[in-house]
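Now for the letters of each chain:
Protein chains: 2
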Amino acid sequence: MTAYNKLSVEELRALREELLKGFEEVKGKGLNLNMARGKPSPAQLDLTLDMLNVVNPETVMKGEDGMDFRNYGIMDGIKEARELVAEMMGVSYENVIVFGNASLPVMYDTISRSMTHGVCGSTPWCKLDKVKWLCPAPGYDRHFAITEHFGIEMITIPMKADGPDMDLVEELVSKDASIKGIWCVPKYSNPLGTSYSDEVVKRMANLKPAAEDFRIFWDNAYAVHHLYDDDRDELLEILSECEKAGNPDMVYEFCSTSKISFAGAGIAAMISSKKNLDFARKSITIQTIGYDKLNQLRHVLYFKNAAGIEAHMKKHAASLRPKFEAVLESFDKELEGLEIGTWTKPKGGYFISFNTLEGCAKAVVEKCKEAGMVLTGAGATFPYHKDPQDSNIRIAPSFPSPEEMKTATEVFILCVKLVSVEKLLENK
Amino acid sequence: MTAYNKLSVEELRALREELLKGFEEVKGKGLNLNMARGKPSPAQLDLTLDMLNVVNPETVMKGEDGMDFRNYGIMDGIKEARELVAEMMGVSYENVIVFGNASLPVMYDTISRSMTHGVCGSTPWCKLDKVKWLCPAPGYDRHFAITEHFGIEMITIPMKADGPDMDLVEELVSKDASIKGIWCVPKYSNPLGTSYSDEVVKRMANLKPAAEDFRIFWDNAYAVHHLYDDDRDELLEILSECEKAGNPDMVYEFCSTSKISFAGAGIAAMISSKKNLDFARKSITIQTIGYDKLNQLRHVLYFKNAAGIEAHMKKHAASLRPKFEAVLESFDKELEGLEIGTWTKPKGGYFISFNTLEGCAKAVVEKCKEAGMVLTGAGATFPYHKDPQDSNIRIAPSFPSPEEMKTATEVFILCVKLVSVEKLLENK
Numbered sequence: 001m002t003a004y005n006k007l008s009v010e011e012l013r014a015l016r017e018e019l020l021k022g023f024e025e026v027k028g029k030g031l032n033l034n035m036a037r038g039k040p041s042p043a044q045l046d047l048t049l050d051m052l053n054v055v056n057p058e059t060v061m062k063g064e065d066g067m068d069f070r071n072y073g074i075m076d077g078i079k080e081a082r083e084l085v086a087e088m089m090g091v092s093y094e095n096v097i098v099f100g101n102a103s104l105p106v107m108y109d110t111i112s113r114s115m116t117h118g119v120c121g122s123t124p125w126c127k128l129d130k131v132k133w134l135c136p137a138p139g140y141d142r143h144f145a146i147t148e149h150f151g152i153e154m155i156t157i158p159m160k161a162d163g164p165d166m167d168l169v170e171e172l173v174s175k176d177a178s179i180k181g182i183w184c185v186p187k188y189s190n191p192l193g194t195s196y197s198d199e200v201v202k203r204m205a206n207l208k209p210a211a212e213d214f215r216i217f218w219d220n221a222y223a224v225h226h227l228y229d230d231d232r233d234e235l236l237e238i239l240s241e242c243e244k245a246g247n248p249d250m251v252y253e254f255c256s257t258s259k260i261s262f263a264g265a266g267i268a269a270m271i272s273s274k275k276n277l278d279f280a281r282k283s284i285t286i287q288t289i290g291y292d293k294l295n296q297l298r299h300v301l302y303f304k305n306a307a308g309i310e311a312h313m314k315k316h317a318a319s320l321r322p323k324f325e326a327v328l329e330s331f332d333k334e335l336e337g338l339e340i341g342t343w344t345k346p347k348g349g350y351f352i353s354f355n356t357l358e359g360c361a362k363a364v365v366e367k368c369k370e371a372g373m374v375l376t377g378a379g380a381t382f383p384y385h386k387d388p389q390d391s392n393i394r395i396a397p398s399f400p401s402p403e404e405m406k407t408a409t410e411v412f413i414l415c416v417k418l419v420s421v422e423k424l425l426e427n428k
Numbered sequence: 429m430t431a432y433n434k435l436s437v438e439e440l441r442a443l444r445e446e447l448l449k450g451f452e453e454v455k456g457k458g459l460n461l462n463m464a465r466g467k468p469s470p471a472q473l474d475l476t477l478d479m480l481n482v483v484n485p486e487t488v489m490k491g492e493d494g495m496d497f498r499n500y501g502i503m504d505g506i507k508e509a510r511e512l513v514a515e516m517m518g519v520s521y522e523n524v525i526v527f528g529n530a531s532l533p534v535m536y537d538t539i540s541r542s543m544t545h546g547v548c549g550s551t552p553w554c555k556l557d558k559v560k561w562l563c564p565a566p567g568y569d570r571h572f573a574i575t576e577h578f579g580i581e582m583i584t585i586p587m588k589a590d591g592p593d594m595d596l597v598e599e600l601v602s603k604d605a606s607i608k609g610i611w612c613v614p615k616y617s618n619p620l621g622t623s624y625s626d627e628v629v630k631r632m633a634n635l636k637p638a639a640e641d642f643r644i645f646w647d648n649a650y651a652v653h654h655l656y657d658d659d660r661d662e663l664l665e666i667l668s669e670c671e672k673a674g675n676p677d678m679v680y681e682f683c684s685t686s687k688i689s690f691a692g693a694g695i696a697a698m699i700s701s702k703k704n705l706d707f708a709r710k711s712i713t714i715q716t717i718g719y720d721k722l723n724q725l726r727h728v729l730y731f732k733n734a735a736g737i738e739a740h741m742k743k744h745a746a747s748l749r750p751k752f753e754a755v756l757e758s759f760d761k762e763l764e765g766l767e768i769g770t771w772t773k774p775k776g777g778y779f780i781s782f783n784t785l786e787g788c789a790k791a792v793v794e795k796c797k798e799a800g801m802v803l804t805g806a807g808a809t810f811p812y813h814k815d816p817q818d819s820n821i822r823i824a825p826s827f828p829s830p831e832e833m834k835t836a837t838e839v840f841i842l843c844v845k846l847v848s849v850e851k852l853l854e855n856k
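Quick mapping for you: the protein sequence lines, in order, are chains E and Z.
So the first sequence is numbered by our numbering: it starts at 1 and just counts up by one.
So the second sequence is numbered by our numbering: it starts at 429 and just counts up by one.
A few of these clues could be false.
Taking lysine-lysine and the DSSO-like style, the derived pairs with C-alpha atoms no more than 27 Å apart in a straight line are [unchecked claim]:
no., chain 1, residue 1, chain 2, residue 2
1, Z, LYS761, Z, LYS790
2, E, LYS39, E, LYS362
3, Z, LYS457, E, LYS315
4, Z, LYS490, E, LYS39
5, Z, LYS490, E, LYS282
6, Z, LYS457, Z, LYS851
7, Z, LYS710, E, LYS127
8, Z, LYS558, E, LYS282
9, E, LYS29, E, LYS406
10, E, LYS282, Z, LYS555
11, Z, LYS742, Z, LYS467
12, Z, LYS710, E, LYS130
13, E, LYS79, E, LYS282
14, E, LYS127, Z, LYS490
15, Z, LYS636, Z, LYS558
16, Z, LYS636, E, LYS132
Just so you know, these hints were derived from the structure itself, not from any lab.
Here chain E stands alone, though its shape is the one from the complex (with noise of 0.2 Å):
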């Protein structure tokens, strides 16, 4: 296919025509689709079902040392679903604790609690005049929402293929004691897909920030959500890199189940160092008797091990990947070639990145809207909502069904097609 961009002006604007007839025609059709929504299909839930079954009258409700999971206590979460996340992600039972029903207000949470409590030991953050934050991008829109929430700077870092640009990173954290954190969705990224290479995971556990209460942020929210059998992504685990690289307590890791069971009705956790653990230990045992341990109780007793996670996470990969793959043949079919965008094709997570021609992302979704779909608006996988290049769109093949995936895939190309020849022809 003839790249648009060798195009004349006639042949631009025959297209531009031809296209317009056929964006007309799809706006008649009254369309009503969404590729906005990182959230599980119904199908996907359905898989999860006989989960609700497992913790029953019958149902043995005890700890190995008789505390009865029904009242309250043990903070830490059971060590039954300490051990299952632990061994899901690698680590040792003791640097878990498990949460109530979701990761993002475990984050929030440690957060808001650096901001009136500081991190072990240091300055509550409230108190300092500037708290600034490395935001990799594009990324993800409540990480950042979270930041600017408690008026924390943020500071944009661009993601290269293998992870956030590190030369970058290092500059500014060695130098800078008023950065004190990264957000980082290290496998299967939202929105890119991409997964950190062993080297940017290495770099980034031997930091040397300036600011002791410095620490990543390591949503681990893709770890086991694999999209084929046979080609994975592999991530070096974070903390055992941490301890190795002298930097024990630089890290907190944060996962959840929301899109392993149900995204409403999971169980979330919290991966660091004793001392962190520790540290958060004296705020959680203020703020709570306990989270909900029926319902981690029902996670255990439904997958078992992480080789029952690992078995279930292939159901929803045969759910996931063939929405993906018909994006992506749509994509290189429609596509390729003409120069008007580029795309990642990830091996796993939820999200698929688009990047348009510069300058025309809000205009594409603004299409797209026209026609009936809704699109996570453009700029939303940067810090503040601010695209640079308003370029970058995020697509969500999970929720639509099957057919509505690629009515939405043809809308979505009719679009970037058509905002596509209307910039170049502006240009010329």
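Put chain Z on the given structure of chain E with help from the hints.
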């Protein structure tokens, strides 16, 4: 019976010998008792076992609007759960947000949010030189632990028979703008078991605080926790009283099903004005993508409505009542007229409050421990664990079995007598 203070030194010495003999006998038994834990007994938790069956793979897990309760979303909690709580608490569901498994984190988060973000536009409390709090005492130790954790200066307010000393509350609140809140357990209060009179509730609602961001933290933890069908305390509904008084935004009410369903796996709620809830939502939508809606649904399907909760609470009462009565009957029989202690006779809630002679509470707790029985630490019911009279002891009859409760009460009475005699001899 003769009051101990009327006995001669010789009589007291003889009595001490006799009590010491009894005490040594008890010690020899190697008891392992606990009257410290304000948590439901296993028999009470058994009452709700069938709730574990009501959400199963066949259950419709969707709202009227088609939202899937298994997935992300519905930040306010499912409407059905908000309605259940609203009916139970006598408010409108629009004033209710349903959260996760317990109300303590909701209270903690509300104070934490005020520290970092202020209250409806006020200066964040962490930016103020001084934040103070009114603490009616004896009160709930975990309340005081939260305010202490955030470095808030606690001022003890004496409790009267019908609630806090309102003369003092009114005076302090109206003249000191650094006073930002007050802890209240208005019904069957922890640990007194008494309820606020209509006059106290009205005076509370009519406060004229110097601080615009002053809030009443109304922890209505025992709202439906009656011991008797025909002899109950009634509490005025605070939200509408505040509205009537022209203070619609002055109160946050909290409640949960921790002592209705499962202590570790209930649902919790905050009840407040639209303005307060909207301000809270600004943080909550950053903090979470929704609480566990399947557990909310469990509660809705199991209890159905306020009448369902009412019927269920009668089963709890049947389990708790004999234990409360056994303690109180023993006190009446063994201690009446001795003038070495006073105690409350609650019609609901989880606690009996005992006041020893001045300066004896710590010694009684210590003696009980020596005899193999754990009591709530003396002073725990006061800010900073400092009981100015050293006389208040919280007794929690709920957890032990009736047999254990009988033995525990005997041990307690013996220790009170022994410590009192020693105190009287000291003073002779």
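Status of the hints after comparison with the structure:
For the hint pairing LYS761/Z with LYS790/Z, the CA-to-CA distance comes to about 24 Å; that is within 27 Å, so the pair holds. Note on LYS39/E and LYS362/E: the hinted pairing holds, with a Cα-Cα distance of about 23 Å set against a maximum of 27 Å. Between the alpha carbons of LYS457/Z and LYS315/E the distance comes to roughly 58 Å, so the proposed pair goes past 27 Å and is violated. As the CA atoms of LYS490/Z and LYS39/E are separated by approximately 16 Å, the hinted pair is consistent with the 27 Å bound.
Pair hint LYS490/Z plus LYS282/E does not hold up; C-alpha atoms about 38 Å apart against a cutoff of 27 Å. With a C-alpha separation of about 26 Å, the suggested pair LYS457/Z and LYS851/Z falls inside the 27 Å cut-off, and the hint holds. Our distance criterion of 27 Å between C-alpha atoms is met by LYS710/Z and LYS127/E, whose separation comes to about 22 Å. For the proposed pair LYS558/Z and LYS282/E, the alpha carbon gap of about 22 Å is at most 27 Å, so the pair holds.
Simply put, LYS29/E and LYS406/E have alpha-carbon atoms about 15 Å apart, close enough for the 27 Å limit, and the pair holds. The straight-line distance between the Cα atoms of LYS282/E and LYS555/Z is roughly 22 Å, inside the 27 Å bound, and the hint therefore holds. Distance check on the hinted pair: LYS742/Z and LYS467/Z sit about 17 Å apart at the alpha-carbon level, within 27 Å; holds. Of the supplied pair hints, the one linking LYS710/Z and LYS130/E holds, its CA atoms being roughly 22 Å apart against a limit of 27 Å.
Distance hint between LYS79/E and LYS282/E is fulfilled; the C-alpha atoms sit about 19 Å from each other, no more than 27 Å. For the given pair, LYS127/E sits about 45 Å from LYS490/Z by alpha-carbon distance, which is inconsistent with the 27 Å threshold. As the CA atoms of LYS636/Z and LYS558/Z are separated by approximately 20 Å, the hinted pair is consistent with the 27 Å bound. Restraint check for LYS636/Z and LYS132/E: the C-alpha separation of about 40 Å exceeds 27 Å, so the hint is violated.
Consistency with the previously given hints fails for numbers 3, 5, 14 and 16, ordered from lowest to highest.
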